[in-house]
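Which chain is which? The protein sequence lines are A and X, in order.
The opening residue of the first sequence carries number -18 in the working numbering; numbering runs sequentially from there.
The opening residue of the second sequence carries number 16 in the working numbering; numbering runs sequentially from there.
It should be emphasised that the hints constitute simulated quantities derived from the structure, not laboratory data.
Do not take every clue at face value.
Derived DEER-like restraints, expressed as beta-carbon distance ranges [stated by the list, open to error]:
1) Thr191(A) <-> Glu136(X): 56 to 62 Å
2) Gly22(A) <-> Pro132(X): 55 to 61 Å
3) Asn103(X) <-> Glu269(A): 48 to 54 Å
4) Pro104(X) <-> Glu51(A): 43 to 49 Å
5) Phe69(X) <-> Ala314(A): 46 to 52 Å
6) Pro104(X) <-> Tyr79(A): 47 to 53 Å
Once the Cα atoms are required to be at most 25 Å apart in a straight line, the calculated SDA-like pairs of lysine to any residue come out as [said to hold, decoys possible]:
7) Lys48(X) <-> Lys144(X)
8) Lys187(A) <-> Leu105(X)
9) Lys73(X) <-> Asp240(A)
10) Lys131(X) <-> Ser155(A)
11) Lys139(X) <-> Ser(-1)(A)
12) Lys142(X) <-> Asn150(A)
13) Lys310(A) <-> Lys364(A)
14) Lys227(A) <-> Ser(-1)(A)
15) Lys172(A) <-> Leu323(A)
16) Lys172(A) <-> Ser(-1)(A)
17) Lys73(X) <-> Val42(A)
18) Lys77(X) <-> Lys310(A)
Cβ-to-Cβ under 7 Å is the rule here; a few derived chain A residues that face chain X [what the hints assert, rightly or not]:
19) Ser142
20) Phe143
21) Met146
22) Ser147
23) Asn150
24) Met193
25) Ser195
26) Tyr196
Treat the numbers as computed from the prediction; the structure is a model and nothing was measured.
Backbone N, C-alpha and C define an ideal beta-carbon position, used for all residues, glycine too.
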Amino acid sequence: MMRNVGIIGVGYTPIFVSKRKDVSIPEMISEAVDAGFRNTGLTPEDIDAVIFGNMQTFEGVNLPHLWAVEHIRALGKPVMRIATGGTTGMSAFHAGYYHVASGMADVVMVVTYEKHSEGDAQVGLMGIITPEVMTMLQAGIDVTGGSGMGAIGGGSAGGISFQAMSYLNHSGASIEHIDAMAAMERRNAAKNPYAHLKDPECTAEKIAETAMVSYPIRFGHICPTTDGSTVCILASEEKAAELADKVAWVWSVANCCSDATTGNLVDGMITDPAEQRPCMIAARQAYERAGIEDPKTEFDVIEIYNGFAHQTLMFLEKLGVCEVGEAHKLLEAGELEIEGRLPTNASGGVVSTNSIGTSALNRVTEAALQIMGKAEGGHQVPKDVHKALAHSWGGLMQYVAVTVLGDTPPRK
Amino acid sequence: MEETKVVTGAWELSTFKFRVEGEGLRLMLENMKDKKLVGTKCSKCGTVYIPGNFYCRKCHVKIDEQAEVSDHGTVMSYTVGYSDVRGNPLEEPRIAVEVKLDGGDTWIMGVMQECKPEDMEIGKRVKVKWNEVRSGSLQDMKAFIPE
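Required output: the full structure, derived from the provided sequences and hints.
See the structure below:
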């Protein structure tokens, strides 16, 4: 029998920005760890195990968790590093959940970071997509570009633009909706002290003025590279009662993967990068485990992993929280705003802040803070949050993890 | 608002030596010399893979049946590139397409030529433009062009 698990605390670095030149990687991580202890009143003695996550290869350090072992206060304790691409933060959170739910630990600290300014995201991403490139070679795609069947655009924006185009075609949305989505999230980010690209006056028109990178993806639709670190502390029901005043309870976790090229070869179409069947499967499992009967009405807050602005809309549909072709209409109607019916990425989302190792964990911590009523700086939604959905996307475009949180412990 | 725009670094693939499973690709390339596109077909579910797969990714059974597909197909998705990987503007916008060839179930990527960006749409019918001289390489297929 699995035990109930609650989130009892969150810690962020004081800022999320392009370049933290004033601190080293372990020092920056330590800021978030300290914040986690400060916010909970816990001390390192309270922590049974530490789970660590960041993007593979981004800073060229293969064992960063062992480099930073003192800074994560893990000397003499079990430590495990998790790396699943963009989803890393949520996979690390899930590993923390497994530790506590299984009874192997009572209190676990999940630590994630990325310090892009000391690494090279382009080189890192190339390392990440190596299996994808190998699969493309097998699929007859000349990855050297230029001529023949070479059709890879620049960086991840190239591959993602096929996804955005297919999404627009299936949904009936237009590029102006992607502009408006990006603008809404940059405005939300302005209300989040832990966001990076903030623009309180951002409009769709302003986003539309940014350079077209690979149609329909503009520069304004794309996430930044951010330096930052996030910590999340999990506890068993018994320990949570002892240690915390506010708790966000884990109602379910689920994840699903597919093939290395575009992420859809499970039982449907083969190569539509917008199909994202693993997201549909993981969501279905998470809802079943959490007893969610109608995902369209039961969530009060949603956090979507969106490196690119069209993904907010696309994943809302894949998660089944609205009909296919409906997400852009919800956006138009203002329902996704902080004050709206279905507040989505009140935090500003990944498109505003992307210290990659933290990004998928931040979906969980932001959902948890909304439940606790502790979201700072004006992005707390103006209603009671009973259920929240956190989504993450990563791997080689084909790995999805989701988490359902609630304001009470799940009934057994 | 602080924006980030940094694209640096190199990916030295030559540092590593990867072995690519080439059987399906070799089957396709060999036949491309004769302007033929040959993949494989699952005898259980009928899915046609181009280039060929030798196990069915849907049924998980071994595939030993070959299948020729058409060099005509339908655009399933596309993008128009306006800059190179360093962010420099391209002289001419570059159209890249994902195409489902008639008779096949998988999509392949390619460059689109003889078509303006404003004339592109999902569902557009296209065909392969073959090179005059073909050597059994990926470059034998020069581009996709409107049907």
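Right, here's what the structure says about each hint:
no. : hint                                : in the structure
1   : Thr191(A) <-> Glu136(X): 56 to 62 Å : violated, 24 Å
2   : Gly22(A) <-> Pro132(X): 55 to 61 Å  : holds, 59 Å
3   : Asn103(X) <-> Glu269(A): 48 to 54 Å : holds, 49 Å
4   : Pro104(X) <-> Glu51(A): 43 to 49 Å  : holds, 48 Å
5   : Phe69(X) <-> Ala314(A): 46 to 52 Å  : holds, 50 Å
6   : Pro104(X) <-> Tyr79(A): 47 to 53 Å  : holds, 48 Å
7   : Lys48(X) <-> Lys144(X)              : holds, 13 Å
8   : Lys187(A) <-> Leu105(X)             : holds, 23 Å
9   : Lys73(X) <-> Asp240(A)              : holds, 11 Å
10  : Lys131(X) <-> Ser155(A)             : holds, 20 Å
11  : Lys139(X) <-> Ser(-1)(A)            : violated, 42 Å
12  : Lys142(X) <-> Asn150(A)             : holds, 21 Å
13  : Lys310(A) <-> Lys364(A)             : holds, 22 Å
14  : Lys227(A) <-> Ser(-1)(A)            : violated, 32 Å
15  : Lys172(A) <-> Leu323(A)             : holds, 18 Å
16  : Lys172(A) <-> Ser(-1)(A)            : holds, 18 Å
17  : Lys73(X) <-> Val42(A)               : violated, 38 Å
18  : Lys77(X) <-> Lys310(A)              : violated, 45 Å
19  : Ser142                              : holds, 4 Å
20  : Phe143                              : holds, 4 Å
21  : Met146                              : holds, 5 Å
22  : Ser147                              : holds, 4 Å
23  : Asn150                              : holds, 4 Å
24  : Met193                              : holds, 5 Å
25  : Ser195                              : holds, 5 Å
26  : Tyr196                              : holds, 4 Å
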